[in-house]
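There are 2 protein chains.
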Amino acid sequence: MRFLVFLFTTTLVAARAFAQGPSISPVSPGVDIEPYRDIVEQIIEAATSDSAAYNRLAYLGDVFGHRLSGSRALEDAIDWILEEMETDGLSNVRGQPVMVPRWVRGEESAELVSPRDENLTMLALGGSIGTPEEGITAEVLVVSSFEDLEARASEAAGKIVLFNVPFTNYGETVQYRLNGATAAARAGAVASLIRSVAPFGMQTPHTGTMSYADDVEPIPHAAITIEGAALLQRLADRGERPVVTLKMDAHFEDDVLSRNVIGEIRGSVHPEEVVVLGGHIDSWDVGTGMMDDGGGCVVAWEAVRILHDLGLQPRRTIRVVLWTNEENGLRGATVYRDSVMAAGQIENHVLAIESDGGVFAPVGFGFEGSDEAFAMLEPITELLDPVLSEGSRGRKGVTRGGGGADIGPLMREGVPGMGLNTDSDRYFWYHHSPSDTIEVLTPDGVQRCAAAMAIMAYVVADMPGRLPHTSVDGD
Amino acid sequence: MRFLVFLFTTTLVAARAFAQGPSISPVSPGVDIEPYRDIVEQIIEAATSDSAAYNRLAYLGDVFGHRLSGSRALEDAIDWILEEMETDGLSNVRGQPVMVPRWVRGEESAELVSPRDENLTMLALGGSIGTPEEGITAEVLVVSSFEDLEARASEAAGKIVLFNVPFTNYGETVQYRLNGATAAARAGAVASLIRSVAPFGMQTPHTGTMSYADDVEPIPHAAITIEGAALLQRLADRGERPVVTLKMDAHFEDDVLSRNVIGEIRGSVHPEEVVVLGGHIDSWDVGTGMMDDGGGCVVAWEAVRILHDLGLQPRRTIRVVLWTNEENGLRGATVYRDSVMAAGQIENHVLAIESDGGVFAPVGFGFEGSDEAFAMLEPITELLDPVLSEGSRGRKGVTRGGGGADIGPLMREGVPGMGLNTDSDRYFWYHHSPSDTIEVLTPDGVQRCAAAMAIMAYVVADMPGRLPHTSVDGD
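Each protein sequence line maps, in turn, to chains F and Y. Residue numbering for the first sequence follows our numbering, beginning at 1 and increasing consecutively. Residue numbering for the second sequence follows our numbering, beginning at 476 and increasing consecutively.
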């Protein structure tokens with residue numbers, strides 16, 4: 001995910017942006033879960049008696065590999081999913097056209113060339129410009145923060161600035177990935193590096209999106225490993241003036257056509273009302289993007305496939321959407337929201353559920369919406385319980401605070417939003433790195449995530465009362 | 476270390492090889508530790524009041540990098556250490572000449588070329604031959620064990636055999652690294668791969684030594700990552716017949732001159748009697764070899780430096796030896812043993828202590844020798860206690876079973892041997908990989924290891940009674 005920061009750090013902002021629902025009537029009672037006990041048992045049995053979701057995910061990664069926006073692999077994967085969804089028997093299977101940016105990494109390297117030669121494992125950050133063909137060779141100025149750079153701005157001209165900032169939390173540390181190049185360019189640097197945004201690594205570089213402020217001349221921006229950054233820090237501390245040669249072919253090409261992948265189970269009573277659930281089908285161009293977010297896509301897709309196979313048709317429509325271009329543009333989410341608005345269907349979007357936190361063992365769902373809606377959903381915790389792990393953050397079941405980047409545009413229009421929470425303590429070990437592969441997940445965790453998604457989607461789509469929208473500022 | 480297998484799996488063998496000391500007299504009493512309490516306090520204060528050992532280790536890695544036998548970096552590092560030992564004021568500082576093999580990795584790659592293109596992160600195994608310049612392209616036969624290969628031998632001809640064997644323990648799993656090429660060649664394979672010998676990785680390849688039986692035609696032998704091996708396994712399981720192109724420049728060049736690094740504190744009463752302690756100064760050619768075994772070298776060296784700085788002169792001589800070529804030849808250890816034998820000094824070697832298990836937080840020492848000797852040493856646990864961690868294997872203090880590859884030749888001549896034990900649960904995550912860097916260690920752990928080594932060496936070198944030799948079969 002690009003915007004996990006959203007999940008963990010902007011709950012307060014979101015709470016401010018969405019004024020809570022008017023409390024004219026007393027809080028609604030929770031959904032009556034009794035009618036759903038048998039169905040939930042069937043769902044759990046269907047989801048956990050085999051490894052179908054895990055195997056589908058492994059196949060996606062093995063056959064197509066990573067899926068950066070603009071790549072052939074992404075479109076091939078989308079073609080395959082559309083075919084499979086048809087075979088699964090889902091309704092209204094379609095690809096929704098989305099123009100996406102095409103950023104290409106190309107060849108790249110960072111070499112320590114003084115005081116000794118050493119390859120520094122690196123990844124250009126998504127959206128960065130490249131270097132001249134001969135590279136950029138300059139002394140490295142190591143700083144510990146934006147403030148440290150400001151204090152030493154007079155030393156930065158003509159240098160490569162390294163932000164050697166230890167990981168605290170994603171929302172805080174990712175600022176150096178997002179905005180480090182702008183700050184370094186303002187100080188006169190010729191390129192900028194960051195210590196990878198991760199709490200742990202094994203010479204592991206982490207990429208991710210970045211951008212430039214409009215008023216600076218862009219400079220190349222890349223991530224090196226924790227070990228590489230520590231080496232440059234020690235050399236600088238000893239006064240050894242480390243010199244690095246950075247070579248990057250990174251560049252943008254013309255936007256290309258991609259698609260959001262959509263499939264449905266049509267509602268029996270209110271087919272116009274929609275519970276949407278999904279993840280993002282694009283990934284970074286390293287590893288196979290199984291954690292971020294192939295897994296999120298497959299558990300949403302499999303949730304709907306399982307409901308369909310069980311012959312379950314809820315009152316409202318359940319729609320799976322695998323958004324494209326979450327990582328470096330959010331164009332898929334934007335196009336989807338725009339199409340819903342243009343069709344006058346936003347009020348009919350009852351709930352949006354995203355899974356983009358890694359399909360480790362599920363612990364519950366984080367909800368963003370009115371108190372009334374939350375009260376309706378809370379009893380579902382009991383139905384989910386058989387497939388939930390305890391996790392380590394005490395947020396088991398349906399809890400307050402959550403969302404996702406792709407459902408953000410819908411949520412800002414008042415659609416209640418929800419993110420699948422999992423036991424994701426190692427999420428940032430693998431995030432946007434070559435080690436984001438199927439090996440970080442387990443069949444058991446993936447299958448239980450699929451069960452949790454199916455249970456939540458089905459109950460909310462079928463329960464007699466629909467979830468109220470969130471009041472949006474200005475309504 | 477090359478032979479950690481020795482530490483964990485050959486205790487029984489060793490116990491058989493060294494008949495225990497004759498039990499004619501009752502077991503000797505333990506050393507009286509009372510006279511050493513003040514001195515040990517001084518040692519601990521000196522070792523833990525700063526980060527001198529850690530800083531020296533970081534400098535070794537930062538300035539010289541990895542130190543494969545035959546490399547310029549190894550000899551440069553040795554030159555620097557010899558100079559520093561002189562500056563430290565140690566006695567008899569010298570480099571003992573040792574001819575070592577020079578195996579050169581060169582350029583190398585493994586590419587999945589069908590059913591899709593994907594780079595497989597890899598490392599040739601030390602001692603392997605290379606491929607023709609155009610590489611070897613062949614279908615991969617994935618097997619789970621030597622037995623599985625035998626059962627499927629008819630399928631192996633002309634293929635690249637992959638031993639996809641999960642890590643159980645080093646002694647067991649390393650057999651595929653050591654002997655996989657021989658088994659695959661016997662079955663008619665054109666090359667062999669192993670899943671890296673490690674319980675966990677983040678696309679991390681692990682190298683290490685290997686060899687060929689005399690009666691087979693050598694084939695190239697390399698390690699791929701856990702993730703890469705799992706990918707090939709899944710493709711094969713689906714009947715997709717994975718094809719890999721393997722390119723390796725690996726080859727041997729002529730042996731070159733290296734050195735064991737030696738320095739001493741001369742004994743005041745029995746200078747001819749020696750307690751020897753050390754590690755191995757060579758490393759594999761990835762990472763910076765800080766865990767394996769730069770750290771072991773530096774804590775032994777710093778132990779002696781600290782004793783010298785404190786003005787402590789024990790009854791017997793304390794000698795630090797940083798052996799060369801442990802990883803792919805054991806030539807340094809062999810030359811040292813031979814020189815001791817030639818000088819008739821083996822009986823005067825009172826104890827040999829090796830640190831080659833990673834200088835994580837120390838938990839104690841594992842001892843191999845007679846019951847009488849063990850009884851003499853056991854009370855030292857109490858002196859070590861302030862610097863020891865609990866660890867996770869319940870072997871705190873001086874315990875039975877231990878040694879090291881470099882002191883093995885001395886031990887086989889009857890010299891009691893001892894290995895520093897540390898809290899090394901993640902040792903094999905980093906072992907022989909690019910992530911064997913200073914970042915896996917902590918200043919606190921390194922400094923406490925130096926303290927533990929100094930305490931053990933000093934007490935054994937100074938205690939009134941000397942340790943008896945181990946009876947060797949055939950004595």
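Worth flagging that the hints you see were computed from the coordinates, not collected in a lab. In this text the structure is predicted, and so the values were computed from the model without any measurement. Hints may be right or wrong, so weigh each one.
[As the list claims (entries may be wrong)] Which chain F residues face chain Y? A few, computed with CB under 7 Å, are given here:
hint : residue
1    : 154
2    : 227
3    : 230
4    : 234
5    : 237
6    : 434
7    : 435
Don't be surprised by glycine CBs; every beta carbon is placed ideally from N, CA and C.
Checked hints:
For residue 154(F), the interface hint is violated, since its Cβ never comes within 7 Å of a Cβ in chain Y; the closest pair sits about 27 Å apart. The criterion of a C-beta within 7 Å of any C-beta in chain Y is met by residue 227(F), whose closest approach is roughly 5 Å, and the hint holds. Interface hint status for residue 230(F): upheld, as the beta-carbon distance to the closest one in chain Y is roughly 6 Å, under 7 Å. Checking residue 234(F) against chain Y by beta carbon gives a least distance of about 6 Å; that is within 7 Å, so the hint holds.
A distance limit of 7 Å between C-beta atoms decides the matter here; for residue 237(F) the minimum to chain Y is near 10 Å, and the interface restraint is violated. Of the supplied interface hints, the one on residue 434(F) holds, with its beta-carbon coming within about 5 Å of a beta-carbon of chain Y, less than 7 Å. Satisfaction of the interface hint for residue 435(F) is found here, the shortest Cβ-Cβ separation to chain Y being roughly 4 Å, below the 7 Å cut-off.
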